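Taken in order, these protein sequences are the chains called X and D.
In terms of the working numbering, the first sequence is residues 1 to 894.
In terms of the working numbering, the second sequence is residues 1001 to 1130.
No lab work stands behind these hints: they were computed from the structure.
Since this is a predicted model, take the numbers as computed values, not measurements.
For glycine and all other residues, C-beta sits at the position ideal for the given N, C-alpha and C.
Do not take every clue at face value.
Claimed, not checked - Where chain D lies over chain X, by a calculated footprint (3+ residues, C-beta under 8 Å):
(1) 582-594
(2) 687-694
To be verified - Some chain D residues flagged as far from chain X (calculated, every beta-carbon gap over 10 Å):
(3) Ser1021
(4) Met1059
(5) Asn1067
(6) Phe1078
(7) Ile1080
(8) Pro1081
(9) Lys1109
(10) Phe1111
(11) Leu1122
In case you want the letters, here they are:
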Amino acid sequence: MNGILITIVSILYLGVLFYLAFVAEKFKGLNKSLINNPFVFAFSLAVYCTAWTFYGSVGRVDQTGIEFLSVYIGPTLVMLLGWSVLRKIIRISHVHRITSIADFISARYGKYRSLGVWVTIISLLAGIPYIGLQIKAISSSFSTLTGVLPGHYFFQDSAFYIALILIAFTLLFGTRKVQSNETHEGMVLAIAAESIFKLIAFLIVGIYVTYWINDGFGDIFEKHYIGKEIQKAFEFDIHPGYGNWFMHIMVSALSFMFLPRQFQVAVVENQNEKNLKQAMWLLPLYLFLINIFVIPIALTGNSFFASNPLISGDNYVIELPLKFSSNSIALIAYIGGFSAATGMIIVETIAISTMITNSIILPSLLESRKFKEKYTFKILNIAIWSRRASIILTVLLGFFYYKTVAPYFSLVSIGLIAFVAIGQFSPALLGGIFWKDGNKTGALAGLLSGFIIWLFALIIPPIFSDNQGHFYYPALAKFYELFSSFKIENFDEISNTTFWSLMVNAFMFFGVSMATKQSPAEEKQALLFVDVFKYSNQQGQTAVWRGNARNEQLKELLASFIGKSKAEKEIEDFSKHFDIVLDNVSADPKLVAYIENIISGIIGTSTARLLVSSISKEEVVSIDEVLAVLKRSQKILEDNEELKTKTFQLEKISKELQDANLGLQQADDLKNEFLTTVTHEIRTPLTSIKALSEIIYDNEDLEYEQKKSFLNIIIDETDRLSRLVNQVLDLEKYESGKHKISKKTVEVNEILNTVLARMEGIAKEKNVLLKIFNKSDVYSFKADEDRLIQMFINLISNAIKFVKPNEGWVHLSVDNSKKYLIFSVEDNGVGIPVETQSRIFEKFFQAENQDQSSEKGSGLGLSITKKIVEIHKGNIHLESVPGKGTKIMVSLPL
Amino acid sequence: MINRNELKVLIADDEPSILMSLEFLFKKEGYKVLIARDGQEAIDLFDKEQPSILILDIMMPKIDGYNVCSYVKTNYKFNIPKVVFLSAKNKESEIEHGYELGADLYIPKPFSTRDITKKVNLIATDLIKN
């Protein structure tokens, strides 16, 4: 393939990343974060998958079988089981504004500089080969694609130019502007995007190999599971053996947390510790997906290329598509590997440059009094330039490592060797956040002894021996023979070294810590780290400081980092919040601690410590005083929390009360309205009765017929009155739930006949045709017979009221569905006006156009009917066309 | 001097039995009695016959008694009729509202026949005098 095309694609790809990073930075400028979500967080964590994953996994299947999975099982276990440890590290780092892992460890041990220096050195020693490995991967994938081998001199190697472009990219996003804290939103978004690219690329290649070249997983095993060598891939217990599995998983789990680049994305760049919650399954899912096609590619590649010693397993991902002339797939594979490699280089370099600057360069510069006097307030510029220089240096070192030292080590071992080195941080770090008595002497002793073992066991032998493992110098051979008894059976070099280095490291850490004393500064930090959840919330915590500092100098110091106006505002806000008087010459201790905290976020805790102590006269604060202050602040935190909960509860209760009150008021209003209506309804017949009785009493000369008609009305009205009273009481019972229904098996026909018998008389009186149709095939069902009859009488007498005499008809019919018995009462009466149809079941609602000759209803019949339907768990439904008639349907469950 | 039997009394109520008893009472007192079963009928009849006294129920279909009252009190500048409300609505606020609309009398239901005839007769006497 054309080298220029590939170069253009690579540069275009970096351009896209650059654009993404630019957009994220812009959003950050607008105070919006594109990266504060669990998905971006999880994808950025996937920077763990480097070119080693992308190309190397396939290569490792060739050599050690499914053991390649161990380095993904480690991180998976960390996310699933160890997320609470990560959360604690994140919380501590946010509270103390930690900028790197070196910063973290030195901050824990009283901001002890030497620890930071050694952590940085180890990270650098582990990181540079690792970066070299990435550059090598880019270079070899490039030459595989183009078919042109890189030249002997560095300027003939495309990787050199790629390294230069990466330096530029990293400089732009690692140190572009003065930032108030050490986060790089642009970089993080770009890294998350890279993780998506490499995953998609690998999946495409995997699907291509599995389903295009072959016919799925089964087919691959049938066709390609043939080579003797490859078959060992699935001899789980022999290669590499349980012991190696365990050690590899452990060391990769530790590295997943403590590699500088992982610490950078997981802790320093973390926007919100809550993002961990989703990342704890998102990242394992990612790791699963990126590994799913490793074995198919390895098997297929092995069966095609095993006989060709020029093609290594590491290149199968590109060689396979090339063999089948699928250039575009090969190019996608190249971009995937390119993104895996560049992602690692960018983050690793930023992390390492921060460590070199904050933990080595700045503190040692500040040692010099001359420097301190001259540059204390200009240190930010120096920090930026130092960081830039460190980035350039780190990448170039990586490049030259790849050009010179790399051939001494196999590809696989570079990654794992780095892991073992990084693992040395774990006793000091994990011990430091769970055990208050760990001190700096112990931490340093453990770290250095582990480091020395690592150096002697993994680094020196390959450099000073030939391919067969024979040392060039007999003295050296003799020296190593002394340790031969430490070799554990069935353990490979990595496992062996991991075991002994971590064992000695941890032993030294605990032993020396117990044998030596902590300084007050250490005691304080130990307390703040171990009990971080007790003394802090997510916003921060009280720092403890005592001494003499001048407000003016403090302000000047802060201004040198974040600018004058921002510094003034920051100080003002803080003083307002804590009621601090700024007029005094000497500064409030709280303010001093706060400013040190801000500065820590920019140039690291040790440097910030040095700077603050250089402009102040400090006093030693005893651990008892620290504890007292912390307890007070904890009390305040708790009180605040309690107050918040109480306020919340009060608000909730008062809301409930309001609701209840409103409900009561509404119920009261309803009751009042009901009473008013009832009294009105009672007064009406009473009025007639009283008036007519008086008339009869006062007029003895009334004609007989007239008297009889008046008396008749009185009787009717009395009936009406008692009916009303009965129905009101009835309805009241339904509404208060006092009406218990007694369901018994009733026969449909019997009910219909009873209703017919009771209503026939009234219908005949008005000469209305009353007919019953039973279309249902249900013989009997469960219901309250009396209520049901009452309901039908209500409905039918209502219907009769609205039909015209002589020509009217009323039909009661029954039908059924699977679950319901459906009754309908239909008439050809005047119908109900559309606008009042919805009110027909309201209490006391009376249609206006009823036949005047019928007895006057109470307006409660339909309300009661509805209640009867409801207590049978049925439905009632009305259809009416004015002028044509009305149909009321009642469906009751069977 | 006009005679009582030249006075027209309009009675509006939607309850047939009440209507029947009032009709009987006032006919017996010698008035010319007109009958309406709802507010609309009352207004139509009023426009046609111009009765001097109205005895109005309040809760009636179509147009309620209050509206009938304000209709006759505002639309007629001369021969403004006397209005007597006769209602089961007897909350203070409702009675006040009736008087605000210009009613001359508000009698709560149930009423005493002797009382109502006496009071209406007094109104009639006033009318005849003036």
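Results of checking the hints against the structure:
no.	hint	result
1	582-594	violated (count 0)
2	687-694	holds (count 7)
3	Ser1021	violated, 4 Å
4	Met1059	violated, 7 Å
5	Asn1067	holds, 16 Å
6	Phe1078	holds, 33 Å
7	Ile1080	holds, 28 Å
8	Pro1081	holds, 23 Å
9	Lys1109	violated, 4 Å
10	Phe1111	violated, 7 Å
11	Leu1122	holds, 18 Å
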